[in-house]
Structures are given as structure tokens and as C-alpha cells.
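Undergrad: Okay, here's what each chain looks like letter by letter:
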Amino acid sequence: MVRVEFLGPIQKEPLELDITNLNELAKILQDDEELKEWLGNSAVAVNDTLVSSLEAPLKDGDKISLLPPVCGG
Amino acid sequence: MLELYEGSLDVPNILKRWYEEEAQSNYGAYIPFVGTVRSENGIDGLSFDIYEPILKSWFEAWQQKAKAKGAIIKMAHSKGDVMLHESSYISAVFSPKRRVALEFIDEFVEDFKASAPIWKYDLIDGKRVYAKDRSTAIKGSGILGK
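Each protein sequence line maps, in turn, to chains A and B. The working numbering puts the first residue of the first sequence at -14, with every later residue one more than the last. The working numbering puts the first residue of the second sequence at 2, with every later residue one more than the last.
No lab work stands behind these hints, which were simulated from the structure alone. Hints are supplied without guarantee of correctness; some may be wrong.
[Claimed, not checked] Simulated DEER-style distance windows between Cβ atoms:
#	chain 1	residue 1	chain 2	residue 2	range
1	B	SER26	A	GLU(-2)	40 to 50 angstroms
2	B	GLN25	A	LYS12	16 to 26 angstroms
3	A	ARG(-12)	B	SER26	14 to 24 angstroms
4	A	GLU40	B	TYR20	40 to 50 angstroms
5	B	ASP112	A	LYS(-3)	24 to 34 angstroms
6	B	THR137	A	LYS(-3)	13 to 23 angstroms
7	B	ASP126	A	ASP47	13 to 23 angstroms
8	A	GLN(-4)	B	GLY143	39 to 49 angstroms
9	B	ILE125	A	GLU(-10)	33 to 43 angstroms
10	A	GLN(-4)	B	GLY141	15 to 25 angstroms
11	B	LYS68	A	ASN32	20 to 30 angstroms
12	A	GLY25	B	GLY43	27 to 37 angstroms
Every residue gets a Cβ at the ideal spot worked out from N, C-alpha and C, and that includes glycine.
Construct the entire structure; sequences and hints are all you get.
TA: Laid out in C-alpha cells, this is it:
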């Protein structure tokens, strides 16, 4: 199982999913109406490191984070 | 050095402490940037969420870049609510000569705005409203979209 966390303004509880790569995650999240406005503008981190493609394999216990647009300061 | 605080920053004390911490370090320049909440669009203040693990690694990468130029960076940021005319952000660069610090503070603050995992909300009538129009998608965003 992996854990998916939604950060900042994305008002959604974490998910526990049985998936092995980010392509599977994309398919699941694209069917979620609540996330419609966020998938196209959020960055993705696996175990707190930002990733740039969906190819990275996932293993049991991984933490995936979705980071929507930022504005510090 | 990265410092996070609940609520507004005590600017005079932070700037003074940083000055004192490096007083004997032989830096010729100390260039701080202080961000203060302005009155605009009827807001009562701002509020912030921070994702600390990635903020820390982002900051550490910048600290290494500064170190390569003989400089150091310090940064303080608020979590939660910060009201009008209070400050939510301070960063500062110390360097042997002024030019490095002047250029570095500019680059650092720009990347901070574009990349640091911090989310800003306007406080309006007791509600927290995500500052969507002023926010920037982190580089590489959108890979989960269609």
C-alpha cells in the first residue's frame, strides 16, 4: 500500500492505495471529480522528493504528495 | 538556517539576532529582505500552510549554492495567521562582498516565490480564501493530469 496526501488548499483526506506506479495513480485520481481543478497544476513528490515523470516505480510504504500552486512570503 | 514561527515574525529581534550571530564571521555584507502584509482587496491579513519536509530540502539546496560562493542564507517564515502590517517572511544573505549578496537575495527570493512549498490564503470576514490567482505552479507540475 502507498499513502497519497493532498497538501495546502486541496481539501481531501489522504488515500491508501494498492498501486505499483504513478501511472496507476494518475488513472485513479483522474476519475475523482474533487481533484479535477488540481491535477493539471499540482507537482508530485514521492517520499518528499519531487518527481518529473510517471515512470518511477512505487513500493510498499511510499508516501506520495500532491503540491498545488504555491505562494510564500 | 531556516526558522518557522506560529503567527507573525518579531522582525527587530530576528534581524538583530542574525546580525549578532554573524558579527565575528568576517562577512562584509548583510542584506535582509522583509515581507510585510499590506492592506489591499479588503483583507484582514494572510494565512499560511507550509509543507516542512520539502521546504527544508529546498532551503538546504540553496544553502549549498550560497556556500559555494562563500555566502550563507538565513530565512524565517510564519505559519498560520499574520495580520495587516505584520511580517510573515524574512530572508537574508551574508557574503564577504556586497555584489554576491545583492544578486543572491534576488535569485533566492524569486525561486522562493516559485518553488517553496508554502500556500497563502487571504483572511476575509473570518474566512481563509486560497490566493489562487497569486500562486505559481511548481516546475514540473501537471504530470498526473490528462
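Undergrad: Determine for every hint whether it applies to the structure shown.
TA: So, going through the hints one by one against the coordinates:
no.	hint	verdict
1	B:SER26 - A:GLU(-2): 40 to 50 angstroms	47 angstroms, holds
2	B:GLN25 - A:LYS12: 16 to 26 angstroms	58 angstroms, violated
3	A:ARG(-12) - B:SER26: 14 to 24 angstroms	42 angstroms, violated
4	A:GLU40 - B:TYR20: 40 to 50 angstroms	48 angstroms, holds
5	B:ASP112 - A:LYS(-3): 24 to 34 angstroms	28 angstroms, holds
6	B:THR137 - A:LYS(-3): 13 to 23 angstroms	21 angstroms, holds
7	B:ASP126 - A:ASP47: 13 to 23 angstroms	40 angstroms, violated
8	A:GLN(-4) - B:GLY143: 39 to 49 angstroms	20 angstroms, violated
9	B:ILE125 - A:GLU(-10): 33 to 43 angstroms	27 angstroms, violated
10	A:GLN(-4) - B:GLY141: 15 to 25 angstroms	23 angstroms, holds
11	B:LYS68 - A:ASN32: 20 to 30 angstroms	25 angstroms, holds
12	A:GLY25 - B:GLY43: 27 to 37 angstroms	30 angstroms, holds
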